[in-house]
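Peer 1: Sequence order for the protein chains is B and A.
Counting from 1, position 52 in the first sequence corresponds to residue 52 in this note's numbering; the numbering is continuous, with no gaps.
Counting from 1, position 45 in the second sequence corresponds to residue 45 in this note's numbering; the numbering is continuous, with no gaps.
Do not take every clue at face value.
Below, in silico cross-link-like pairs of lysine-lysine (BS3-like), each with a Cα-Cα straight-line distance of 27 Å or less [to be verified]: (1) B:K92 <-> A:K246; (2) B:K12 <-> A:K57; (3) B:K54 <-> B:K44; (4) B:K92 <-> B:K123.
Which residues of chain A face chain B? A few of them, derived with a C-beta cut under 7 Å, are [what the hints assert, rightly or not]: (5) G276; (6) G292; (7) T315.
Hints in this document: simulated from the structure, not taken from any laboratory.
Heads up, the beta-carbon is just placed ideally off N, CA and C, and yes, glycines get one too.
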Amino acid sequence: MDPEVLEDWARKMRGLMVLAGLLFAILLLRLFHLQITTADNYAKESEDNWIAQKRRKAPRGLVLDRDGEVLARNRAAYSIQLTRGSREDDAKAIEALESATGESVRLGKRGRERTVRLKRDVKFRTVAIVEERLRDEWPLGIAIEPQRLYPAGALAAHIIGYMGEQQDDLTSHQGRPYAVGDYVGQTGLERVYEDSLRGWDGVDYVEVDVRDRVINEHPFPDRGVPPRSGRDLHLTVDLDIQRAATNAMPDSLAGSVVALDARDGAVLAMVSHPSYDPNVFVSYGSQAERQRLIQDPAKPMLNRAIQGGYPPGSTLKMIGAVAALENGVTDTLSTFAACAGSLQVGDVVFRCANRDGHGELNLLEAVETSCNIYFNHLAKILGIEAWHDYGSRFGFGLPTHIDLDPSEFHGILPDRQYHRERDGWVTGHLMNLVIGQGYMLVTPLQMARYVAALGNGGYLVTPHLQGKAPDPVRIEGITDATLDIVRRAMYRVVYGEHGTGKRAQVPGIEVAGKSGTAQGSRADDDAWFVAFAPFEEPEIAVAVVVEGGGGGGSNAAPIARAVIKAYFDDQAQRQAVAADSPNNKRRGI
Amino acid sequence: MRRELDLSLLVAMAMMIAFGVTMVYSAASGSGAWRGQAFYALFAIIAAVAVIYVPDKLFYELAYPLYGICLLSLVAVLVWGTGTPARWLSIGLVRLQPSEFAKIATIMAIARFLGDQSSERVSGPRAVVLAVLLAVLPMGLVAKQPDLGTAVSFGAALVPMLYWAGMRPLHIFFLTAPLLSVVFSFEPLWQNQAPIVFALFIIVSSVIIQLLLARLSVTLTMLGVNLSAGLVTTYLWANFLRGYQKARILTFLDPESDPLGWGWNIIQSKIAIGSGGPTGKGFLQGTQTKYGFLPAAHTDFIFSVIGEELGFVGTVFVLSLFLFMIWRCLYIGTIANNRFASLLAVGLASMLAFHVFVNVGMTIGVMPVTGLPLPFLSYGGSSLLTNCLAIGLLLHIFAHRHEY
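Okay, chain B solo, but in the shape it has when bound:
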C-alpha cells in the first residue's frame, strides 16, 4: 500500500485505540468501585441472599387445668408458600396452584419479603399436590407452622379466649416483634398472658437458593438461636366442675355459673352460656363461622360471668341484713313489723311474694322465706347511705381484678347521687335496691365473691385463674356475730321448713345459700342462686344465674347443687389418689 495511506491508517488507529481505551477505562473504574471500594457492601448483600434467617417460632405455652388436663395446645399446620419473582412469574405459579388444587388463591399486596404465604392451614391433599406435582417446576413450597388447638372446644372458651392474626408487622412487645400473620391472643387468658405464653422466637441461619429452598440446614453450627417456648399456664380451674356446671345449665337459656374457692378466690369453674368453639378463630378457613358467631343475637362470645350485668334480686338481701345488724336496726330474735303482703312507701305499693303476708318474722325467718316487706321495713330505717356502704364493702360496683379481662364490667351499686342524676331520689328506690332490683346490676363473678365473703368469715377474695392467690382482705365493720346470724339464715334457706333453696341440698354436705328471682328487662324473671359449702368451713362458693329462668329456688338452686356435688366428688377422688400414691411409690410404680 501507499506509505501515505499506511501513515493515515496508523494515525486513525491511534485515535480509535484512544476511544477504545476510554471505554475500557470506564469499565475498569466501575469494576474497581464495585470490587475494591464497595466490595464489602456487596459481600453483605450476597450473604443476605444465600444465608437466610429463618425464624423458628417458639412453641406457645400450654394451658392446663388444675388436674393437668389440656385446654390449649399446639398442632402442626401446613401453609403453601410462594417465593416471589416477577409479577408474571408469580401469576403463573398461582395459576398452576389453582388449576392443580381447584381452589382459588389470592396474593396479598406486594411487599419486600421474598417468601409469602399463599394459603394457610391447608388440607393434606393440597400439601401432597404441591409436594409431588408443583414444587419442582414452580417457586412453591410447604411450611409447617404451629397452630393453636383447643381440645376442650366450647367448654372453657370464655376463660381461654382465642387468638387472631396480626395484620401488620410494626408492633413488637418487649423487644419481640410480631410478623404479619402471627397469631396473637385476642381475648381471655390468651390475651392477658400473651407475653409469657408466646415465648421467645429463635433464629436459624440456613443456606438457601434463589427459590428459598434450603440447601443446607446448618451451614454455621455455632450461629443461630434456639427458640425458647412459652411458659405453660396452670389454671385453678377444674374441668370436671366446669363440665358439671355446663351440663347443669338448661340448653335453651343463657346464663352463667361461677365457682370460687371460698378461701382464696381461685376460680374453680366459670361458665358462660351459650358458648362457642374457639377453634374457629385459629382455623384459617372458618371466616364464615366467625362472622356468624360475632353476629349471633344470643351473644355466645360474651363472657357473661364478668361482662353480664344482672339485677341480683333477693340474693342481695344479705347486704341489707348485714347493714341492719351492724347498725343495730335489728337483732336475730326480734320479730319485726308484720308482713301483710304489701307495703306502701310514698305513692308506691310494694308487694311481697307471699300475697297473704308472712305475718310476724325475725331476720332468720325473713331470709328463709325471702320476705320482701321485711327488708323494705329494714331499709326504711337503715337509709340509703348505710346500705350503699355495706354493698360497697362486699365489692359491688367495683372491679374484682380477676386476671382475665382488664375491662370487666364493674356492675352498678346506686347511691342517692346516682338517682338524683337520673330520676330524682325517693325512698321507694331503696325499697327496690334492698331486694336487688331497681338500677342495681351485678356480675355473676361479683356474686360469687360476695357469697364467698359471707361464708369464709368476712374475707373479700380476689378471683384469679392461675398462680399464687392474692391475700384476702377482711371486710371492715362486720363482726363475727353478724356474720354468724347471716350464715345461719342462709343455712335455713336450704334446710329450713319454709326454705326457698331446698333443691340445693347435697347429700353428705351442708350447704348454705340464697335464692333470687330478679325482674330484669326480659319477659321472664332471671333465676339466681348463690351458695357456699360446707357450712362450717366453706371451701366452695357458687353463683348461678339463668336468664329468664324463672324462680331461683326451683331453677337455679339445682345447678348450684350440681356444681357443689361435682366439687366434693372431685375432692374425694383426689384424696383417694393421694392416699394411694405413697403405696404406689413403695411398690415402685
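Based on these hints, arrange chain A on the given structure of chain B.
Peer 2: Same frame as chain B, but now just chain A:
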C-alpha cells in the same frame, strides 16, 4: 507461498475460548452445557483457521452475495423464526441465529462498498447515505425481532469504518449529533433537568459547528435536525413506548425501583461482581451463581460469574485480553494489503469492542440490559462461530498482507 500466521491473536482467542468453556462449566454446573460449548469451540476454531486458506479475492467477491443471503435469512426469521422472541431458524437439526452471521456479512458489504470509494468520495453525502443504508437494512430487520442490542451493533461498526474510509470527524459528528440529541433530551435520564441539559447541548454544539465551519446555513440545519430529534424523543417517550419498554429503560436507570422484577438481573449481577472482591470467591464457589440468584449466568451474565468467582483479578485479566485482541485487530487493519481488507478489520474490531463494552457494561450497571452476548465467553454456538469467523478473517488478512 508461505502463509504467516498471527500467532498472538490466535493464541489470545484460544485462551479466551478455553476460559469461556471453563466459566460455562461453573455457571451451568450440572447441566453439561460446557460440553456443548467445548464442541462448538473446537468446530469454531477449526473454521477460523480454515478461513486463512480461502483465496484472497474470494471474500471481496462474495461480500454482496453473502449480504443478500443474510438479509433473506433475516426476513425468513421474521416469518418462520423460532424461540421467544423469535431469533432462530431451524434447518433440520441445526438451529442458527442469522443475526449473528449478518453482522459479519454486513461489515463485509460496507467494507467492500467503502473500499471501492476513494477517501474523497467518502467525504461526500452520496457514499455516506449508501453506506448507512447498507447498515440500516439488517438493523431494521433485527430490530423487528425484536433485538435492539444487536441492531445497534450494526451502527456501532459503521461509524468507525466511515472514519477509517475518510469521512471527516465533523461530518461524523453531524451524523451522530441527532443520537446525542436523543440522549440529552431523554427525560428519565435527566429527571426534570432534561430541558436545561438539552438546551445546553443544542447551544454548545451549534456554537462549535459555527466556529469550525463558519457557515450559518449548516449550523442552522444542524440546529433544526437536533432540535427535532430531541422533541421527537420527548414525544415518543410520552406517547408511543409500551409500558414494559418504559419499565425496562427505567429499571436500567434505577434498578432498585423494582428489585424482584425487571431490576433483578442488574442488582444480582452487581452483587455477584461486587461480592467477588479483589480475588473472588474461588472457582465453583460463587454463591450468586450456584444458587441461581444470578440469572442467565452462563449466557448474558457470564462476566458476572467471572467477577464473582475470580474477583477484580479475573475481570481485569479478561478486559486486558479483550483490549489486546481489539488492538491486534486494528493493527492488522493498518497493515492490510488493500482498502477492503483494512476496512473489514476495523469493522470487525469495532464490533468486538462494542459487544464487550455493552455486555460488560450491562453486568455492572452502566449499560441497559440488552441481551448482547460476551464474545467467546457467553454460551451459544452461533455467537461463538461468528466471533471465530471474524478472527479467522483477521488471520486471513494478516496472512495475505503481502499479496497484491
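Peer 1: Hint by hint, which ones does the structure fall short of?
Peer 2: Per hint list: zero violations.
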